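Student: Build the full structure now, drawing on both the sequences and the hints.
All the letters of the sequence shown, read from the start, carry residue numbers 21 to 346 under my numbering.
Rather than coming from a laboratory, the hints here were simulated on the basis of the structure. Note that the structure is a prediction, hence the values are computed from the model and not measured. Please note that a few of the clues may not be correct.
To be verified - Derived pair list, reagent style DSS-like, types lysine-lysine, alpha-carbon separation capped at 30 angstroms:
#1 LYS239 x LYS286
#2 LYS194 x LYS291
#3 LYS345 x LYS194
#4 LYS165 x LYS220
#5 LYS345 x LYS293
#6 LYS291 x LYS172
#7 LYS285 x LYS263
#8 LYS323 x LYS293
#9 LYS230 x LYS165
#10 LYS345 x LYS286
#11 LYS220 x LYS235
#12 LYS239 x LYS220
#13 LYS117 x LYS151
#14 LYS323 x LYS285
#15 LYS323 x LYS291
#16 LYS345 x LYS151
#17 LYS194 x LYS263
#18 LYS194 x LYS323
#19 LYS345 x LYS291
#20 LYS172 x LYS239
#21 LYS235 x LYS172
#22 LYS286 x LYS263
#23 LYS239 x LYS285
#24 LYS172 x LYS286
#25 LYS172 x LYS285
#26 LYS165 x LYS117
#27 LYS291 x LYS239
#28 LYS345 x LYS285
#29 LYS323 x LYS286
To be verified - Simulated restraints, written as ranges between beta carbons of each label pair:
#30 LYS172 x SER223: 25 to 33 angstroms
#31 HIS55 x LEU22: 42 to 50 angstroms
#32 PRO290 x LYS194: 19 to 27 angstroms
From the three backbone atoms N, C-alpha and C, an ideal C-beta is built for every residue, glycine too.
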Amino acid sequence: MLHAEILGTGGHVPARVVPNSFFEYLVDDADAWIHSRTGIRERRFATEEEATSDLATGAALRALENADLDPLEIDCIIVATSTPDMILPATACMVQKNIGAERAFAFDMNAVCSSFIYGMEVADNLILSGKYRKVLLIGADTYSKILDFDDKGSAPLFGDGAGAVVLGAGTSGKGIQHTMMQSDGRGWELIQVPSSGSRKPISAESIALKENTFKMAGKSVFTFATDVIPRIISDLAGRAGIKPEQIDHIIPHQANVRIIDFISKKTGIPKEKFLLNLDRYGNTAAASLGLALDENRRNGVIKPGETVLMMGFGGGLSWGGVLLKA
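Tutor: This is the structure we're talking about:
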């Protein structure tokens, strides 16, 4: 049976480390305040000169090296992002040029923090169709470019980064086993950048009102996440014919450790099975899953043959999961 197998992974984060103390201007004892509420100690911010395509390129090159592939072997490039370099053209086309993947077709996709999972679904189906052999998926975001740094409820949460995976057609039985995707447009207003497109184009007035920056209804998003995550776990475990506790590793969207603590208690799955890096990177949006996957493949935590569940949730509202065999 044909599967989309993981041929290689890569990650890239900016060099600039931003500790919680950076936000002392917002709240006293910022490190303790932020860490106790989120689990975050530090994050990475891109420089003024760095854009999403730069981070995506770095992750892509590492993934190609890890897969021992020439860029010309790539059939398709997907950049999963909600912070593209610009509204057009696609950031994926910039990455294509940067890595020299001249034979690929390239496009962006945006499901906010679920973008990487949605990208896995698309890549999986491109490969299962039999028309394409190798797909490069990159989750990349630079949320530092769109944050309201006067909003203590959102500004300390996010960091910049990119994570990539090369998926290829294979018959070993490894790779993507089951997927599930869902969205609920009734909640679209909970996570948004109000002035950023055709509905309300950026203007001097919208900038003055900071409507060109990220807005999130934090409590409502927490409620949403803690509702859908257990459903993702039980749904995918059921499709695989296993119990949730038989999953070897869970890579969740790296949003907030309180969400993970809640899910661990609700499902009975030990917290040790949840692979986290948000203490060092914060919420890197579409990059978070790819970064964690790459990190834990390279450090040997994820071993060949193990079952890994990856799941994302975010704006739209959107959510989904992928169950794979490493």
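Student: It remains to establish, for every hint, whether it holds in the given structure.
Tutor: We went through each hint and held it up to the structure:
no.	hint	in the structure
1	LYS239 x LYS286	holds, 18 angstroms
2	LYS194 x LYS291	holds, 25 angstroms
3	LYS345 x LYS194	holds, 5 angstroms
4	LYS165 x LYS220	holds, 19 angstroms
5	LYS345 x LYS293	holds, 15 angstroms
6	LYS291 x LYS172	holds, 27 angstroms
7	LYS285 x LYS263	holds, 16 angstroms
8	LYS323 x LYS293	holds, 13 angstroms
9	LYS230 x LYS165	holds, 13 angstroms
10	LYS345 x LYS286	holds, 25 angstroms
11	LYS220 x LYS235	holds, 15 angstroms
12	LYS239 x LYS220	holds, 26 angstroms
13	LYS117 x LYS151	holds, 23 angstroms
14	LYS323 x LYS285	holds, 26 angstroms
15	LYS323 x LYS291	holds, 18 angstroms
16	LYS345 x LYS151	holds, 23 angstroms
17	LYS194 x LYS263	holds, 19 angstroms
18	LYS194 x LYS323	holds, 12 angstroms
19	LYS345 x LYS291	holds, 20 angstroms
20	LYS172 x LYS239	holds, 14 angstroms
21	LYS235 x LYS172	holds, 11 angstroms
22	LYS286 x LYS263	holds, 15 angstroms
23	LYS239 x LYS285	holds, 19 angstroms
24	LYS172 x LYS286	holds, 28 angstroms
25	LYS172 x LYS285	holds, 28 angstroms
26	LYS165 x LYS117	holds, 23 angstroms
27	LYS291 x LYS239	holds, 22 angstroms
28	LYS345 x LYS285	holds, 25 angstroms
29	LYS323 x LYS286	holds, 27 angstroms
30	LYS172 x SER223: 25 to 33 angstroms	holds, 26 angstroms
31	HIS55 x LEU22: 42 to 50 angstroms	holds, 45 angstroms
32	PRO290 x LYS194: 19 to 27 angstroms	holds, 25 angstroms
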